[in-house]
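Asks: In order, the protein sequences belong to chains V and S. Residue numbers 1 to 394, in UniProt numbering, belong to the letters of the first sequence in order. Residue numbers 1 to 394, in UniProt numbering, belong to the letters of the second sequence in order.
Note that these hints are calculated values from the structure, not bench results. Fair warning: there could be bad hints in the mix.
Only part of the chain S face toward chain V is listed, based on derived beta-carbon distances under 10 Å [to be verified]: (1) L111; (2) F212; (3) I245; (4) V302.
Small disclaimer: the values here were computed from a predicted structure and weren't measured. We put the beta carbon where it would ideally sit given N, CA and C, even for glycine.
2 protein chains.
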Amino acid sequence: MDRGFFASRLKRMENKELSEFMSLIGRDDIISFAGGIPDEKIFPVKELKQLINKLINIKGHSLFQYSSTDGKKNLKEYLVNYLKGQEITVNENQILITTGSQQGLDLLAKLFLNPGDTVAVEDPGYVGGIGAINSYEARIMGIEVDENGLRIDILEKLLKEGEKIKFLYLVPDYSNPSGMTLSLKRRYKLLKLANRYNFYIIEDTPYRELSFYNKPLPALKSIDNNEKVIYLGSFSKYFMPGFRIGWICGPEKIIELLTTAKQNTDLASNTLGQELIAYAGQEGIIQEQIKKIRPYYRQKLVKMEEGLTKYFPECCSWKRPEGGFFFWVKLPTGIKSKKLLKQAIKNRVAFVTGNSFCSDYRRGDNYIRLSFSNNTLSEIDKGLSILGKVINNF
Amino acid sequence: MDRGFFASRLKRMENKELSEFMSLIGRDDIISFAGGIPDEKIFPVKELKQLINKLINIKGHSLFQYSSTDGKKNLKEYLVNYLKGQEITVNENQILITTGSQQGLDLLAKLFLNPGDTVAVEDPGYVGGIGAINSYEARIMGIEVDENGLRIDILEKLLKEGEKIKFLYLVPDYSNPSGMTLSLKRRYKLLKLANRYNFYIIEDTPYRELSFYNKPLPALKSIDNNEKVIYLGSFSKYFMPGFRIGWICGPEKIIELLTTAKQNTDLASNTLGQELIAYAGQEGIIQEQIKKIRPYYRQKLVKMEEGLTKYFPECCSWKRPEGGFFFWVKLPTGIKSKKLLKQAIKNRVAFVTGNSFCSDYRRGDNYIRLSFSNNTLSEIDKGLSILGKVINNF
């Protein structure tokens, strides 16, 4: 097949790393720390079943009809109210319901990016975010992450030197893969930069409700006085991902343009999923679920940290995340994560190599991402004991 | 807001016509022939409710979890079998499940189109198809439609003159808005051209099962020996649209690339919708539904033709479609459809102006699209009697 026949974006779209590790997720014979998916055992299925039946009785046939492109009014009402709880005051016209927050990223990239435009991202950062940006042939500018999140000083230096960016994409709370959180001081600093250098901040918040110790820091959107923040929300990690419902909150004019983009992309999000989440929100089921999952995942986080301390050599390092699903572990000098993965799979343990998350492919060589979300406590212990041995014998 | 800040595709994405007529659909005080949506009164809601409860019992928590990007295996199995009934032999790797077939169009445009590439479309043709192509800044080449569908002779002439196209997008059965069907002779001719001039044919089939008189003609895909046809399917018009589940069937390598594109776009389609349709297919509910809707919509088509004959002036013309949802009506010379619409809305009847569907905006001035799908028989009669009066008094 002549690949010249396809759009030039193709060479930027393919991610062999991602496809490879996705294929590891479903295998029963492997303890996999690879996926970043929630543990389905905690989904409130009994409540969902009751709610679906109730909805079919109330809404009848319309539950299976098209809904409008911008999204169901009652779901937007719930979100307006939900955002109030985060000190964010918006109206329904500032919200667009999307097919998962991955679609939010795709639509933003579609709206903003010409080939060659620059986008700043966390380094390491979310693979799917980088994938969406790559699909529109933008130039990716990776900004290092440390214990306090994105290194705003590095970003500032680049901007001062004359770099122009369309937007910065980041996950400020319990980021994927680093697990790190952007400090409050840096949040304020970042907003100032966005104003001074005229770029948007795309604040992606999938793990925000998965705060295991303290309340999350104020959202960038809540302390933004200049309409520079576009906020992406997802129900996937703290409620359920199967319905593919997410949302974007931003300046009204941008939401209007994104709605047009969505119309050409998939017409509308699925109706039953929107109604179900709206009702679950109104009836307090989502809030109940958030209360339940925090201690549930915290236990797993604690177990993973115990295992790392117990089984991994001392020269490995990590910082305990305050929430989310991931540990970002630095390997002993000289061990390359890709080689380690091959050895680990032979011993029936899997993880994701650090490379996948870094703008410069080689930068992540010495790191691995371990997710604790979808394993039992004993699997976490067993998997880490095996992986510790593999590292020690490497 | 500085519009130069956005991607250059923005100026191609906006479609005021479409937004305007979408806003007419929901109004209760208007008899609207504008929408092309199915009549929800015919959805098999009782069966769907039973099936959802059964599925939750069988599948449990996994029904609310992410599914893989390519789609649920059992839905693909159903489709392989369904396609066999159309003399199309494919395997599961040749199918990608999409978020409605609109996403199929978006992904194909994403995969194939660089700005300036040429795509041939029906003129008049489906607005959403044109929208998807416009979003990737391709050049649209409208090819006239007559009583036997797309004018293959015009396409051939352009190709002979040296036009190069990446693909042709068309709805060969009961097209939107023309209602016309591509003749068998033209189908064979088109496949020959695709081979000789090396382009793909995107065969979109939303109305194919809505054949009210005779069996539909062989699908282009079923008589294609050279892997030139990419087939788009949708459950929206003959089963239900609310879950946003569609599918693409094409050469394995292309399906693989489209799957990568989908991963960056929305990760996966919703799980419950996929499972529900797969089970409904396996248990014969979809087939039952198809049997039920044919006479149901045919009645409406007949009513609309009666009304047109009875109330419209003789100088209006149309050809009765053999299936689908639409009449494409030529107005008396000198009446512009946009002016007529204003007058019609004052009298509480709506339709879509012909312009919206034509590559050259002015070409559709003299036409209107009337949909009979979502009105009762008496609404069809009443609406057409009003519209007839408006035209007569124009």
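Asks: A separate judgement is required for each hint: does it hold in the structure or not?
Replies: Results for each hint:
1. Hint status for S/L111 relative to chain V: holds, with the closest Cβ pair at about 6 Å, below 10 Å.
2. At about 22 Å, the closest approach between the beta carbon of S/F212 and any beta carbon in chain V exceeds 10 Å, and the interface hint on this residue is violated.
3. A distance limit of 10 Å between C-beta atoms decides the matter here; for S/I245 the minimum to chain V is near 8 Å, and the interface restraint holds.
4. Violation of the interface hint for S/V302 is found here, the shortest Cβ-Cβ separation to chain V being roughly 24 Å, above the 10 Å cut-off.
Against the hints set out earlier in the document, violations occur for numbers 2, 4.
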